[in-house]
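**Student:** For the protein sequence lines, the chains are E and W, in the order given. Under the working numbering, think of the first position of the first sequence as 31, with each following residue one higher. Under the working numbering, think of the first position of the second sequence as 284, with each following residue one higher.
None of these hints come from the bench; they were simulated from the model. There may be inaccurate statements among the hints.
[As the list claims (entries may be wrong)] Pairwise CB distance ranges (calculated):
| hint | chain 1 | residue 1 | chain 2 | residue 2 | range |
| --- | --- | --- | --- | --- | --- |
| 1 | E | 59 | W | 296 | 47 to 57 angstroms |
| 2 | W | 337 | E | 253 | 54 to 64 angstroms |
| 3 | E | 340 | W | 346 | 35 to 45 angstroms |
[Said to hold, decoys possible] Straight-line Cα separation of at most 30 angstroms, DSS-like style, residue types lysine-lysine; simulated pairs:
| hint | chain 1 | residue 1 | chain 2 | residue 2 |
| --- | --- | --- | --- | --- |
| 4 | E | 266 | W | 287 |
| 5 | W | 327 | E | 273 |
| 6 | E | 414 | E | 381 |
As the structure is a prediction and not an experimental result, all values here were calculated from the model. The beta carbon of each residue, even a glycine, is placed where N, CA and C say it ideally should be.
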Amino acid sequence: MTQAGPAALTNEEVGRYSRHLIMPEVGMEGQLKLKAARVLCVGAGGLGSPVALYLTAAGVGTLGIVDFDTVDHSNLQRQIIHGTPDVGRSKLESAKARLNALNPEVEVVTYEMALSSQNALGLFADYDMVVDGTDNFPTRYLVNDACVLTGKPNVYGSISRFEGQATVFAAEDGPCYRCMFPEPPPPGLVPSCAEGGVLGILPGVVGTLQATEAIKLILGVGESLVGRFLLFDALKMRFRELKVRQDPDCPVCGEHPTVTAPIDYDQFCGITPAATPMSGSTDATVEELKTRLDRQDSFLLLDVREQREFEICRIPGSVLIPLGELPARMSELDGHADMIVHCKSGVRSGKAVALLRNAGYTQARNLQGGILAWIDRVDPALPKY
Amino acid sequence: MATKILIPTPLRGYTDQLDEVEAEGATVGELLANLTTRYADLRKHLYAEDGTRRNFVNIYLNDDDIRYLEKDQTPVTADDTVSIIPSVAGGGWS
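Chain W on its own, in the form it takes in the complex (with noise of 0.2 angstroms):
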């Protein structure tokens, strides 16, 4: 069963400069597991080295972020949308 990512613009370059992509995995973890495998240069953006997942990264299911679910054991679907928001600092490069 495969889910769809979005892939924020700043982490498309590790995914073939592609903004969405379909995994597998019954929960957002695996999802995100298959994901990295995948696509190994964006692990380093998701994850610290030691496997937690960074704290800048949100992990959104449809509309709601997984911190307020069940975190990476959140169960997902083929008709949800996961997507990754990174935090974005610019207001114009001024």
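One chain only, chain E, in its complex shape (with noise of 0.2 angstroms):
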């Protein structure tokens, strides 16, 4: 047993920390070990709730947050560590404020920015693990990269609807993100608003895999998932497991590496503002709609979203194609020439008006910034969702 010194407990965290001391997986040098530890999270989201609540509960020393986002009520129905009475308010700023009143004793770091090529090697350099919890495929490959460039364990989830994945990489000797997935799918193929969503406890699952695997990795005992790549379905509450191998030949982490520092993530996705359909030139503005619908003009008002969507809200006058049945429902829109065409934000319906156009509906044009423009700028009484 380690002799009391300058990094023994105090009184206040054994009694606190009783249940793992009486563990001889933990014990006394564990729970040390756990107070020495720092541990970047990145993304006070759906996967960083869980994960920043159980590592302070744990007694994990430094917990660093980065997030540059505020709390939206539609984040409440899965992001529990920020409550109603938070909404408005920076993310770090409510995470830190639920953290210190959970557990004083573990020194919560906040970066209020974005995680980018210029800062992440820097900030990952003070931590000796980072926790992966973000939303979008250009981040998860900096984090990636940067965890390995640092040689620190990316802790690893990720989910959508009812599916969640995990595991570790860019562990010594272990497989990095991009051994798993060498290129990121085009911007164009990654399923659309229509198809997202997350069941509310499904990073509640995912995010607890990944607070305890750094637990493990702090501790060094268990089995990791280091190599292995752990998949949930919880609509049949079933685990699968499938084995990742480091890739000789991979850019970042082979024998060979090509990326020896951090890239342009957009660009390696294929994220160029000319790939992104919300903004071309000929896009119709809520203003404009609202001014023709009040003229009762001759136009079709086109929403390509789903059916769900439509019942939550909708422009009065607006007739539903879902954007994925609108190649075989074209023959519907006869007669129709000049048309707007909208979805929630402007990216499905952006799809729409290109397919609309080679169809030879010409003088189709998308709402700017769609349902939610027209929620904000026009009629606020719509729900937002």
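Both chains come to you apart, so use the hints to assemble them.
**Tutor:** Pasting the structure below:
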């Protein structure tokens, strides 16, 4: 047993962590390892919530959190670190208050910024490991590369709808994210908002798995997920496991790496301003739409969202044809030349406009910002989702 | 001889919402060719226009990545399960 010294636990801490201290796998030695540990959590959202809460409860000495978002009503269904009074507040401020209340012994360090190719290496260098709770491909590749380059394990979790994935990438002698997924999907093939959504509990399950892996790495106990890719299906309540191998040709962790510093990840993921169909020069604005509706102009307002979304809110007079059904239902548009097309935020309707123009409806125009812009600027009485 | 293929959620829209599909074939390549003939819309998600398989979709035979087996030539039997594993970025769509 370690002698009481500067790193020893206070009597209060002994009480707090007593259920750890009486377990041989943790004990005093393990609890002191937790107290000395420094974990960086990227994202204070769905995955970051349980990660930060459990690591704080467990007594990880220093917890860094990176985020730049504010708490929105639509976060509360799953981001359990935040509460209703926190809506509108910075996520970091909200998270820090909750974590300090849970365990004042833990030093919570907040970084109110977007993780970038410029700041990632410096930030990661100060920590023992990184927990990836991000929600987009550019940041995931950045987290991975910066972990490999700084030699920090990347405790990975990802979720969509009812399914989750978890593993540990970039551990010593283990594979990295790029070994498994050398390239991101092009933006057009990523499921759109219509196929998105997530069961609120799912990030709870996957984030808790990530927190468990982080604790095991700190303690040096058990079998970690290094080299194993865990898949969780909440509907079937089933876990599966796949092997992940280190790719000797991996551009970042392979034998002859070509990526030796963070790159431009937006470009790597094919995200260029031109590829975003949200702001074309022929777009209609919601103000213009309002004027034309008030004037009772003759034109078709086409909504390409899903039925479920249409049921939440709609712009009066709109006709619903979900994007997926549009190619087969185009004949229903016969006789309409003048068309304004909208979805939730403008991405799906951008695709619909491209389809329509290819089919000869050359006057079809996209509604900039979708129904969200309509609610913000024209009809705030409608519910936002 | 039919082998079971597990379809991930993001691609079920192209397989009539089925999470499991059986297809014929002696190798993984044949199996996937038959699968994407039956579900034509699935094809562009698995293959690029030049016919090569997309790098961000991993194909597993049981628990092993076919990149480390014999790739498309990897033999399959009726007892095997083939899984399509896409990369997923989501963290809660915050």
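**Student:** Each hint needs a verdict: does it hold in this structure or not?
**Tutor:** So, going through the hints one by one against the coordinates:
Remark: the range hint 47 to 57 angstroms for residue 59 of chain E to residue 296 of chain W is upheld by a beta-carbon distance near 51 angstroms. Residue 337 of chain W and residue 253 of chain E have their C-beta atoms about 32 angstroms apart, which leaves the hinted 54 to 64 angstroms range violated. Between residue 340 of chain E and residue 346 of chain W the Cβ separation comes to about 41 angstroms, which falls inside the hinted range of 35 to 45 angstroms. Between residue 266 of chain E and residue 287 of chain W, the direct Cα distance comes to roughly 17 angstroms. Compliance with the 30 angstroms bound is thereby established for this hinted pair.
Only pairs whose Cα atoms come within 30 angstroms are accepted, and residue 327 of chain W paired with residue 273 of chain E is accepted, the gap being roughly 26 angstroms. Annotation: proposed proximity of residue 414 of chain E to residue 381 of chain E holds, straight-line Cα distance about 22 angstroms (limit 30 angstroms).
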